[in-house]
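Novice: Spelled out from the first residue to the last, the chains are:
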Amino acid sequence: MMTAERGKRLTLEHVSKRFQREGQAAVEAVNDVSLTVEPGELVTLLGPSGCGKTTTLRMVAGFEQPDAGRISIGDDDVTTLMVYRRSIGFVFQNYALFPHLTVFENVAYGLRVRRLSESAIRARVRQVLELVGLPGYERRFPNQLSGGEQQRVAVARAVVVEPQLLLFDEPLSNLDAKLRVQMRAELSRLQRQLAITTVYVTHDQEEAMAISDRIAVMHRGALAQLGTAEELYRAPRSAFVAQFIGRVNLVESRVLGITGGRMAVALWDSSLGVPAGAGYAVGQRLSLVLRPESLTLVTDSTKAGEGEVVVPGVVRNRTFLGEKVEYAVEVGAAVLQIVSYDPTRRGVIDVGARVGVACDAAAVRVLGAAP
Amino acid sequence: MRQWRVALGVAGLVMAGLAGADAAETVNVYTAWPESLSQPIFKAYTAKTGVQVNFIRLSTGELVARATAEKNNPRADVIWGAPGDGFAAAKEAGILEPYRPATWDRVPAELKDREGYYTAVAKNTLVFMSNAKLLKEKGLKPPVSWSDLLDPAYKGQIQTADARTSGTALTRILSIYYAFGRDEDKAFDYQKKLHGNVQVYTKSGGGCTIPAALGQAIVCIAHLPDAMEAKKKGYDMVVTFPKEGVAAVIEAVALVKGAKNREAATKLIDWTFSRDMQDLLDKNQVYMLPTLPGASIEPSVQSLMKEAKLLPVDLEWVGKNRKRLVERWVNEVIKE
Amino acid sequence: MRRDPVLAPAVLLVWGAVGLFVLYPLGRLLVLTFWNAGPSLDAVRGLVGDWTHRAALINSLVLAALVGVAGTALGLGFALLAVRANLPRWLTRALDAVVLLPLISPPFTAAIALIFALGPRGLISYHVFGLTRVNIYGLSGTLLSETLTYFPIAYLTLKAVLANVDPNLEDSAFSLGARRWRVFRTVTLRLATPGLANAFLLVSAASLADFATPLILGGTKFPVLPTQAFLQITGLYDMRGGAALCFLLLIPALAVFAGQRWFTERRAGSFVTVTGKVGAATRVKTLSRTAVVALALVCGVIVALVLVCYLLIFAASIVRGLGADNRLSLAHYAHVFSGGLKAVRDTLVIAVICMPVGALFAVVLGFLVSRTRFPGRRTLEFAAMMNYALPGTIVGIAYLVAFNDAPLALTGTAFILVVCYVFRYSLAGTRATSAVLAQIDPSIEEASASLGARRDVTFRRVVLPLVRPALLAGMTVLFIRAMTAISATIFLVSLSWSLVTVRILEGITNLELGQASAFSVLVILLVYAAVVVASLAMRRLNAGSLGQAGTLLGG
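Residue numbers (the numbering used here), protein chains in the order written: chain A, 15 to 385; chain B, 87 to 422; chain C, 7 to 561.
Don't read these hints as lab results, they were simulated from the structure.
Virtual Cβ for every residue (Gly too), placed ideally from N, Cα, C.
One or more hints might be untrue.
[Unchecked claim] Stretch by stretch, here's where chain B covers chain C in the computed footprint (C-beta under 8 Å, at least three residues): (1) 217-228; (2) 414-423; (3) 500-509.
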């Protein structure tokens with residue numbers, strides 16, 4: 015019976031791991047990572063390849079040992095515990111289904127280890143196969159299944175043992191794009207239904223944003239920022255995060271003045287008023303986060319309104335993508351990315367046209383400031 | 087890629103060159119004698135005449151088989167130094183050409199084929215070679231009779247040659263046959279009993295000398311030269327003869343039918359039966375008796391041979407019955 | 007079949023060579039056996055009626071099965087230790103080096119050394135353990151010697167198999183709560199089953215064809231087929247009987263070969279392919295400490311035994327007479343380089359000539375078979391492999407029968423030796439070529455064709471350079487085999503060309519054990535040097551797994 019048991023809390027404290035390869039310098043794969051995954055929560059470790067997310071996941075699973083730090087599941091310190099003693103379910107990128115066993119035997123593997131009775135095993139396997147949408151597949155072999163089906167069996171196998179922690183290592187990257195979108199919705203639904211604490215690893219930011227409760231962005235072995243998708247998008251704390259989540263125009267700026275709770279920052283020969291960040295001083299350099307969809311193209315004669323800055327530019331490139339148009343607009347020495355939605359109704363601007371780029375103060379974020 | 091073509095070309099040329107034969111005055115010889123014995127003799131011949139002797143050493147069986155297979159296109163000119171029974175088989179297979187060396191008449195009748203197909207260069211015989219230390223350990227006297235070897239004290243302690251591969255074995259079978267007064271059944275009965283004490287049958291005649299020398303077995307039944315070699319190497323061995331007697335076998339020489347270097351071959355055979363060569367048997371410590379009367383004999387060999395009762399062997403009969411005797415040995419003696 | 011002006015002649019040439027040097031001699035052998043002025047089964051009937059031959063057949067099969075099992079088990083133990091025990095690098099290298107020794111030695115080495123070590127007054131059995139009733143002759147001695155000689159084949163095969171098991175599969179099982187032993191049993195071993203079967207067949211085949219070891223250790227109580235065939239000819243002067251015995255041996259040899267091919271062929275979607283990311287630097291801890299210790303003990307004993315054997319050989323080569331006169335002496339080596347120099351020179355010349363000829367043949371054959379399509383392709387592939395599959399005794403006798411007189415009288419020349427080696431030992435090169443070609447996309451050759459190059463130009467300028475590592479591998483194997491072969495070539499030596507291995511056998515026969523040992527040591531050193539040079543060259547050519555001794559010697 016799949017009871018809606020809430021999983022345990024996962025805690026990583028200052029976890030580090032170093033790899034020593036022959037003849038090369040040691041590589042800091044994971045550097046002082048601390049985070050907590052609440053019971054039933056799905057946290058994604060997101061980052062480019064080599065950022066340490068998979069290594070972190072494998073340490074949580076027990077396939078690797080951290081060089082420093084502590085890992086706890088619930089109240090138990092599992093840092094040095096062997097992998098087969100932890101109550102985890104692991105789904106691999108290449109599914110790792112046992113090719114010599116049927117689907118039934120694959121799924122039943124963990125249950126046999128736990129010495130359940132034959133009837134209990136049969137019942138549970140049947141139940142979980144229905145859960146993942148593969149009823150009646152018991153007798154097939156992995157090489158007779160499609161990618162998506164194999165993936166579901168892998169999930170079924172991991173989940174049937176009722177682990178306290180569910181771990182996914184880029185499970186969708188071997189599937190084609192459409193299937194990926196479909197599968198991630200299903201995985202998300204499944205996870206919520208089972209309410210098992212889950213750690214998910216991917217390099218695909220859209221996937222992360224679609225399914226996660228919170229996302230931990232990792233960069234070069236360290237945790238860059240932990241937050242919900244919205245937090246990460248709206249208030250990135252570093253240029254890396256800003257550029258990794260969605261697309262961004264980062265503009266260099268300076269504090270021009272601070273009055274009360276607001277400060278004036280320079281933006282293209284003008285200034286904008288934004289909420290004052292803590293610890294900023296006049297004259298301090300900072301970066302402004304301008305998302306492409308928050309910039310509007312107007313005629314080059316339009317004047318700036320209240321709390322708005324307009325700067326002249328020239329359209330250098332235009333890509334029509336159906337529901338949106340992406341523009342590359344040259345402003346001064348820089349090129350800005352701008353996105354405009356519903357172009358069929360709003361119209362499309364030609365390459366070479368002189369335009370005005372309007373930026374509303376409300377859409378501007380200071381990099382590193384609170385949301 | 088050019089290097090490839092060059093390499094292939096060179097290889098091709100070399101191959102082509104190799105497919106041909108050698109030039110220069112040579113005579114090609116197959117011999118069953120160990121290199122240590124034959125090499126010096128051939129060297130002496132080359133030194134004397136300048137003729138190159140190309141030889142390979144093969145066991146008697148391989149030698150006859152090889153020569154028979156090459157019947158239509160013989161590679162060897164002379165079969166020099168192999169047990170008489172091998173020549174009987176070779177004669178039967180029709181690969182020999184009769185040739186009487188210059189001194190043929192002086193060689194005693196029992197030491198040559200009546201029709202001149204082959205002539206004995208040396209006389210050989212069988213001995214019991216025992217490990218002195220082991221004998222002492224076991225409190226045994228050196229065996230001086232065929233029946234001595236049936237003593238249970240020798241169980242698993244006797245090594246001797248396998249009749250399927252070694253001419254020495256045939257000497258043994260013949261010795262037993264003649265020692266039992268040519269009663270074949272009695273002889274094979276004895277050999278069946280002897281088999282119970284045998285540790286292993288060696289591939290070559292002298293194959294048991296080192297094992298016996300090293301103490302892996304007490305007794306080795308082998309040809310006299312093999313036994314003397316071991317003694318010469320410094321091993322502490324006792325050489326005895328069975329009092330019932332041992333067969334006198336010959337090592338012979340013959341001309342191959344269709345020999346490519348016939349003249350050089352006949353010259354070699356003539357030299358073999360000269361005083362020069364026969365003396366070498368003594369000088370080089372070959373430990374076989376020369377066949378030409380008047381050749382010198384090493385004193386220790388002479389004294390040893392005095393003790394031996396040498397039983398004469400009918401070469402014709404051996405030639406006709408060799409195969410049958412060996413088969414009988416295989417089917418009755420060693421069958422478990 | 008694509009109309010190609012170069013393909014047809016190449017195929018014909020290869021067919022011609024194979025027909026002449028593989029099928030024709032076997033045909034002559036067949037005729038000799040089954041034709042005696044009319045078709046006749048006399049030879050075979052005579053054989054089957056003879057108890058020694060019946061015994062030989064059973065013994066051969068039993069021995070092959072036992073050696074197969076023992077060799078595979080031992081090989082698995084060593085492979086586990088090498089791949090899964092996390093040994094320090096120097097130790098694995100040392101292990102590889104020691105295990106390699108039996109594969110590159112002349113054939114009698116183990117047998118002789120074992121007689122010294124475990125014979126009736128053996129150094130180990132008597133002088134160390136005080137046992138007097140140890141019988142090294144017969145089944146037990148032959149089994150031990152052959153196992154020691156051939157387990158490296160299993161080791162090399164299984165090492166590759168174990169290394170290729172998808173570590174994610176084992177991690178999966180761990181994550182599901184299974185402990186080490188269970189994972190090993192239910193996942194690792196099951197996945198390695200085809201590899202184990204393959205190793206078993208390889209080792210069995212080697213034992214089946216082994217002529218040298220039983221010759222020395224078999225004794226009359228334990229006849230086996232290859233030795234019986236040899237004895238039938240050389241002891242009883244019976245060519246026909248020997249030929250008939252060859253055919254008795256042919257059947258199990260072919261069966262084992264077919265089985266082994268079947269296993270290597272069914273790679274498709276099978277158990278040991280690795281897909282996707284092979285887990286970041288996985289340390290698959292499948293071996294627990296107790297397992298490591300247990301394995302280390304067993305393997306340690308074997309390693310010690312192997313080392314003792316080789317030490318004995320070396321010792322025998324530098325003393326006057328091992329066991330009796332232990333004074334140091336270089337006389338044996340002096341003989342090797344004076345009286346034995348011809349054999350050394352001849353063997354080296356033959357080995358060196360074999361290399362380019364055989365390598366080229368192997369590459370061309372490998373290319374034709376794996377990259378082109380023409381009618382009879384599979385048959386050609388099979389025929390080309392026959393001389394490899396068959397025990398050397400059969401090939402040797404067949405060549406003796408076929409090439410002694412017209413139409414092609416080749417006995418006594420180097421040509422026949424080179425041909426014998428090339429057609430017997432090119433398989434490694436052919437396989438290496440196929441393996442390399444499998445990794446090269448056909449579109450590369452198509453690109454060359456689209457740029458106007460004819461087939462042979464493409465072959466020369468595109469394929470050959472890419473296939474260089476395979477060439478090198480093939481040549482190395484040929485060299486090694488040429489230096490250590492005996493069972494076929496004992497029938498082919500002649501007045502003009504002598505071989506070191508035959509000299510070793512003669513030495514053993516004449517109890518010039520010191521000389522035989524000196525020759526053996528020389529061969530081992532030469533072959534070892536060749537392997538080292540080849541491995542280094544492979545590394546330079548960036549050949550990856552091809553450069554490892556495994557591919558070179560694993561058969």
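Novice: Hints the structure violates: just list their numbers, smallest first.
Specialist: none
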